[in-house]
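> One letter stands for each residue in the lines below.
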Amino acid sequence: MRIALFITCFNDTMFPETGKSVVRLLRRLGHEVDFPYAQTCCGQMHFNTGYRNEARGIARSFVETFAPYDAVVTPSGSCAAMVREQYPVLVGGAAPATAAGFAEAVGAVAPRVYELSEFLVDVLRVRDVGASFPHTVAYHPTCHSLRSLGVGDRPLRLLRAVRGLRLVALPRADECCGFGGTFAVKNAETSAAMGRDKAAAVLESGAQVLCAGDNSCLMHIGGVMSRQHAGVRVMHLADILASTGPHPELDTFPSGDLAAR
Amino acid sequence: MTSVQPYPRAVEPRPPEPTFLGMPPFPEAARTALSDAQLRANLRKATHTIRARRQAVVDELPDWERLRAAGAAIKDDVLAHLPRYLEQLEASVTAAGGTVHWARDADEANAIVVDIVRAHGVDEVVKIKSMATQEIDLNNALGRAGIAAWETDLAEMIVQLGHDLPSHLLVPAIHKNRREIRDVFVAEMGRVGRPAPAGLTERPADLAEAARLHLREKFLSAKVAISGGNFAVAETGTVCVVESEGNGRMCLTLPDVLVTVLGIEKLVPRWEDLEVFLQLLPRSSTGERMNPYTSMWTGVTDGDGPRHFHLVLLDNGRSDVLADPVGRQALRCIRCSACLNVCPVYERVGGHAYGSVYPGPIGAILTPQLRGLNQHDVDAQTASLPYASTLCGACFEACPVLIDIPQILTRQRAQLTDLGRGPAHHAEKAAMRAVDWAFGQPWRLGLAQHAASFSRHVVGRKGRIGKVPRLLGGPLGRWTAARDAPAPPSESFRSWHKRTAGGLEEP
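Protein chains in written order, with our numbering: chain A, 1 to 261; chain B, 1 to 507.
Just chain B, same shape as in the assembly (with noise of 0.2 angstroms):
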């Protein structure tokens, strides 16, 4: 096929992509986040579709409790014994015609597909979303090298266009309402390729032509596409791919070669582990019974397909996660999201604020240990993801493989402050100190109490406290800068129990 290319592949130098690089620790984003109203409109929006729709095709189904029961042990049997699976794969995509490499880290993964790329001559490549690519930053590796990377998703290539940072695993355009995404295709399409239909509208149809249209362009003209993927298959070999626009069937079918970045959690033992799967994933991720396109390959075939497949597989700190008998949970994850549609605290400040390429309840429990916390010291933003979260268990109830969420940020936070890999907190740790000094003894407590008792007669009037300065309150000024607080009773229970014998005596 001749492909006339009528539009520039790139008509300037494109700057790196933005990264999580240097991002403030989670209270001091969230409240960049928080003062951002559009932001939280469309946040507010869309968690609260997704999540109805996710909860209705959920209770429609008998065995929901037995199938998240199924997928967890699947995903416990992989976890257990990931060395004999990994070598199973490997084996069984050798045999199909694929090409097997293995990365400890995220340079090395980007260096392997570097150098697939650079060996067939390109400068571009196209990619289907994947969360693993983002991990590594391959976009940026490959430019470093001269390649250009082209995003084939939807939502990514928003994010791509827009040079803005993903926001959430399966729609990393979230927080951008039509009217913006309107706005970034108008200005940076024709700047790599088709522009935007003149004339173009904020209607969801008309943006999706655009979108169709610019990467048409794409797809004709690259020789090598880039994918992660959902699963894959250790006695087959078989990688497979779900989604919902068939942008990625697009990438997997054209290109003559295709390069997969693979987490090595990503495993399932048998073909028939994926019908556990592919109904707890669409389910849970955009509330489908089953998604558009689920596409699956094994090796290469003549005549069909691309001709060179290599897989990568990307420990990148997983083997971390997983030494850690507690923590290890987080690789049964299957990045469908839910955690993030339900969290409260995710509806309210986006997911720019985890500072990470994961996000949400599950962001705050895989990034820390992918970055270290269960082996060493962390650095204070990764310290602050633990406690990002008010405990209220929503994640843990809407996960399809069952990551109790909250018992690992628990464990989390007494690493940091137990174990003391997080920043110091002097003051944190006297205050805790002295309430257990107090708790230590009953008459102890009581002392306290009296304190407290006293003090109303200084910060209540009307009973309760109004906003207390921030500097002179501490923990008092951040409670009460939007919220009052009681004043502390004239008698505790205890003092009053003593002094009626429980009621009996009242005057």
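Chain A extracted, bound-state conformation (with noise of 0.2 angstroms):
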């Protein structure tokens, strides 16, 4: 099986310790994982703004450049979705003259490209990863990842069989942290008010660690959380599942239970 790594834009140029997670991660389970050089970015936030001409371009590139592959895999639900639902809406606005070879192209690549905990858990058909990560987490299913994809509790199985990892339950998980790509600086007071009362969520479980399937909401969480000088730490789910260890950094937080308290 022939593996790529779609790093996403937003996880290359920000997060890069994302995609070094992932890269580790599948190697510690055997498989090596390509990493074309071509790649660039989905096309989302030009989709998602209205963009579609532009959209479509870089769309095009992407199917050029992952069709070569037999599963992509990508640590982002949000990337994940703009491929496999919006793709075929993209065939749709095609020229006449290229929809074709576009629409077979789409129709080719888009059914093998993998949010992280889908492609674990239906491809490699792994649950515990080999990771031990000792500290309280909650996790947030970030809306792609939950009403596009439909991840459902992948994520969790993932989550429960790591070493020494405490999951506590995320109050009122499934409302949305308020990014929303463009929305975030479009409507920034809304955008805000919803981080607020989702970071309240985050300190009413307890929790050290926020985790979720999304750098991308994370930023926004983690930001407003920073803002407050909070003490809860955000993390993707592919870091703590390539973590092997104690993160001594989390310790200077109080633990989820003092929190509770």
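One thing to keep in mind: the hints can contain errors.
Stated by the list, open to error - Under the rule of at most 30 angstroms between Cα atoms (straight-line distance), these lysine-lysine pairs were calculated in the BS3-like manner:
1. Lys45(B) to Lys186(A)
2. Lys429(B) to Lys186(A)
3. Lys186(A) to Lys467(B)
4. Lys429(B) to Lys467(B)
Stated by the list, open to error - Covered stretches of chain A, as calculated for chain B (at least 3 residues, CB under 8 angstroms):
5. 126 to 139
6. 169 to 178
7. 181 to 190
Claimed, not checked - Partial pick of chain B residues on the chain A-facing surface, computed with a CB cut under 7 angstroms:
8. Arg14
9. Pro27
10. Glu28
11. Met296
12. Cys392
13. Gly393
14. Arg413
15. Phe439
16. Gly446
17. Gln449
18. Gly463
19. Ala482
20. His497
21. Arg499
Because the hints were derived from the structure by calculation, they are not lab data.
The structure displayed is predicted, hence computed values, not measured ones.
Where a beta carbon is used, it is the ideal one built from N, C-alpha and C, also for glycine.
Make one complex out of these two single chains by using the hints.
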């Protein structure tokens, strides 16, 4: 099986550690993952903001880049959802001369794009990835992984198998954090109000670490909590699953139990 | 019946009712709403309560998903054959003794209703809660003609008495709490009829009793009632109104004349189609298995109910919505308000921020279409609505007729930008083009990443970026007003991967 990593432009630029975690995690599980350098972005920001023509060009190069692979794994629920759900929509608006070829390429590539937890559970069929993370963790299901992809409890199954990890429930977990891509700046006040409510739920949970499958949502929630000096870290699911021991810097924060009391 | 009228019908001329005209774009209106702590507390409590009730009654039906699919299919059939079903409805209503009128827009519909009321020589009417008559601003049209229109739905009456605007499809006074409602009753009831009882408390039962006494005067004196309709059955000519309070039924049975204003998309083909919608609607809207009052009437019946029935079929932009192959799903809407109740944006800002009688996610996709976004340029307020969403998808998940609201939102955003039907955002367009240029070639992205990494020395201390002055910052300023931002890392993933052969040659 030829596996490609789609890192996403956002992780590539802002959160390279998450990409390294995916590479190390899959290597530990016995799989080498290719990183095709021709990749850039899935086009989600353009599509969601209304720039469909630009998004279509980006989508064309995406399907070309990843066509040779049997599976494409990405540490982002919303980017996986963009490819699987919205590329067919972009096919609908393509110029007639090129529509057939584009449709065929999308039909071949899009179904083979997996968000990390889907790839681990459905393709590699693992649950225990050999990780160790002795800290208290809450999981936030990001909207696109929850409602577009339907990843269900796959991330939770993976987290429950991590040694030492104490999973706590996040109140009102299925409520959007308020990031929403360009919504975060176009409607900054509303976005921040939603983010503060999400941060309050995280504090209520008593977690030391908030985990999710999208660094974009985590950057938003983490940014709110950092401004509040809340003392709770955010970490991508990949970073926890790649971990093999305690993170000493987390000890500087009060444990979840103390915070809850 | 001789009705003694011990209370003034109106002691002073009523000012025009407020409208949404001139509302600022969504982000600005939302900012005002967000700063109202009482409003946010009221909304949070109300939406969370109704959300939980809806979920409980939806979860108990094993065939909920099939019901949703059936509801969508019936509405799609109506929309695909709308002219035929409308003519069938006209024939069946006429055969049952009713009169059918056709209105292309709000002005035509208002003129028809005013003429009917005048023909019966009265200067006041009672009204059943109706979105269609809100949409056409009928009350002000009647007011200009010297006709007083009394809202009889409890929440709608609170809004009307308080010179307020509706903020929810089903509970237009959702933004008010008990204390605020009591204050409105005490201050306003006496100016238009029977005053609130002395010493009125804010207990729900007392507030309901005050409303009952006040409204009873209106019911007993009104000769004309005006309603909307939840459904109209093409094959039988039956119109259906679904409600909780029974005030609607008072309007439907006591007055001599009934005028119903109905959006042309409200049809169902057959009587048995109601079976599907009478399960979908109450569970989705009030979280009840069955609503307390379901009234149905077919034309007029001697000795029972109104002696004259007029049905006004309203287009008002619906044909333009129907012309759009994706946006037309919005015409399946049965105004249940489930999408409002689950929407995280609505929960924070309330209904007024949407600047339309249709708030929340359905308003964000319906209002721009009714205002012509599928055909032509729109104003800044309208153009702000499709962006009033995080695309979280909670609305689509709750919609009883499977309207893919996120899909329509992104399509409308494309209409505003790609087709240029909204106000030009030159800076955003330039930024999107620049990002697109960077994404065109991997080396260009690498270059941009090097620039980002370098900037960390300027902006980021301790790995994060705090408040950036708004004037300096653009999007970064808007981001950091309430949130820290991470400083860019020293090396992109792509550089690391090249340098270390994917970590294999890591020192």
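> Counting residues of the region 181 to 190 of chain A whose CB is closer than 8 angstroms to a CB in chain B, do you get three or more?
Contact hint for the region 181 to 190 of chain A vs chain B: holds, 10 residues under 8 angstroms.
> Does the alpha-carbon distance linking Lys186(A) and Lys467(B) stay inside the 30 angstroms limit?
17 angstroms, holds
> Double-check Gly393(B) for me: the hint is only fine if its C-beta lies closer than 7 angstroms to a C-beta in chain A.
Where the cut-off is 7 angstroms and the nearest Cβ of chain A is about 4 angstroms from Gly393(B), the hint holds.
> Under 8 angstroms between beta-carbons, do enough residues of the region 126 to 139 of chain A, three at least, approach chain B for the coverage claim to hold?
Contact hint for the region 126 to 139 of chain A vs chain B: violated, 0 residues under 8 angstroms.
> Does His497(B) meet its interface restraint, that is, does its C-beta lie within less than 7 angstroms of any C-beta in chain A?
This hint holds: His497(B) lies near chain A, its Cβ roughly 5 angstroms from the closest one there, short of 7 angstroms.
> Could you check if Glu28(B) really has its C-beta closer than 7 angstroms to a C-beta on chain A?
10 angstroms, violated
> May I ask you to test the interface hint for Pro27(B) with respect to chain A, counting a Cβ-Cβ separation under 7 angstroms as satisfied?
5 angstroms, holds
> Have a go at the Arg14(B) hint: is there a Cβ in chain A nearer than 7 angstroms to its own Cβ?
35 angstroms, violated
> Quick check on Gln449(B) please, does its C-beta sit within 7 angstroms of some C-beta on chain A?
5 angstroms, holds
> Would the stated hint for Arg499(B) survive a check requiring a Cβ distance to chain A of less than 7 angstroms?
11 angstroms, violated
> Hey, does the Gly463(B) contact hint survive, CB to chain A under 7 angstroms?
10 angstroms, violated
> Can you verify the interface hint for Cys392(B): is its Cβ closer than 7 angstroms to any Cβ in chain A?
4 angstroms, holds
In summary, the numbered hints that this structure violates are 5, 8, 10, 11, 16, 18 and 21.
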